[in-house]
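Q: Place chain R on chain B using the hints.
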Amino acid sequence: SQTIHQWPATLVQPVGSPLSLECTVEGTSNPNLYWYRQAAGRGLQLLFYSVGIGQISSEVPQNLSASRPQDRQFILSSKKLLLSDSGFYLCAWSLGPNTEAFFGQGTRLTVV
Amino acid sequence: QKEVEQDPGPLSVPEGAIVSLNCTYSNSAFQYFMWYRQYSRKGPELLMYTYSSGNKEDGRFTAQVDKSSKYISLFIRDSQPSDSATYLCAMSAGNQFYFGTGTSLTVIP
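Protein chains in written order, with this note's numbering: chain B, 1 to 112; chain R, 113 to 221.
Bound conformation, chain B alone (with noise of 0.2 Å):
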């Protein structure tokens, strides 16, 4: 079976220092993979996504940025870290257009 590895859970960060989140999928090939943000009552905001390896796709403008070095890593990083970037941060895979996502357990990034 599949399943999706996160980390870390929660994370507290100094404004400008720098950010990387991983996130990694198991028992499955080629996967798309998907970074969101979610914010208490505005739902989720897709970050980045993923149809295959060295393939990212931005949604927002912002302080952050996606790699993919392998099929089934995804990375979120940042050079600099803002108070703006605080959030609840959420990967998810899927196995391709027109079917459901699986989440990780997220990772809770508190800038200070």
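If you're looking for bench data, these hints aren't it; they were derived computationally from the structure. Ideal placement from N, C-alpha and C gives every residue a C-beta, glycine not left out. Do not rely on the hints blindly, as some may be mistaken.
[Said to hold, decoys possible] Just so you have them, the derived chain B footprint on chain R, three or more residues with Cβ under 8 Å:
hint, segment
1, 151–164
2, 199–212
[Stated by the list, open to error] Derived pair list, reagent style DSS-like, types lysine-lysine, alpha-carbon separation capped at 30 Å:
hint, chain 1, residue 1, chain 2, residue 2
3, R, Lys168, R, Lys114
4, R, Lys154, R, Lys168
5, B, Lys80, R, Lys179
6, R, Lys182, R, Lys114
7, R, Lys154, B, Lys79
8, R, Lys114, R, Lys179
A: Then chain R, alone, in the frame of chain B:
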């Protein structure tokens, strides 16, 4: 206009009640419909999915899709305190997902 509209609640019901959660959408290209349950500080968990109009039942949960009205529902029978969570509707078109903002549900023992 948002592509997916969901009443945020909060919704509070007594244990054993039937709960009805609803979403409307505007994009007729949506092909796949999902419901997620999210506990506090956790990732969303897929509850049900369907790609056709009509009803789909799984235990105490029934998902209903009406494509002609662009309306989807999730019914929870015999609600339990463990059902207390936020419920998100979701739809997909191609590789993209579109989520409602979630409805907060509390089931009171």
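Q: It remains to establish, for every hint, whether it holds in the given structure.
A: Going through the hints against the structure:
For the segment 151–164 of chain R, the proposed coverage by chain B is satisfied: 8 residues have a C-beta within less than 8 Å of a C-beta in that chain, meeting the threshold of three. For the segment 199–212 of chain R, the stated coverage by chain B holds: 10 residues have a C-beta nearer than 8 Å to a C-beta of that chain, and at least 3 were required. With a CA separation close to 26 Å, the supplied pair Lys168 (chain R) and Lys114 (chain R) stays within the 30 Å bound. Distance restraint check for Lys154 (chain R) and Lys168 (chain R): the Cα-Cα separation of roughly 26 Å lies within the 30 Å cut-off, and the hinted pair is therefore satisfied.
Between Lys80 (chain B) and Lys179 (chain R) the CA atoms are separated by roughly 45 Å; this puts the pair beyond 30 Å, and the hint is violated. For a cut-off of 30 Å, the pair hint linking Lys182 (chain R) to Lys114 (chain R) stands: about 13 Å separates their Cα positions. With a CA separation close to 26 Å, the supplied pair Lys154 (chain R) and Lys79 (chain B) stays within the 30 Å bound. The straight-line distance between the Cα atoms of Lys114 (chain R) and Lys179 (chain R) is roughly 17 Å, inside the 30 Å bound, and the hint therefore holds.
Checked against the numbered hints above, the structure violates only hint 5.
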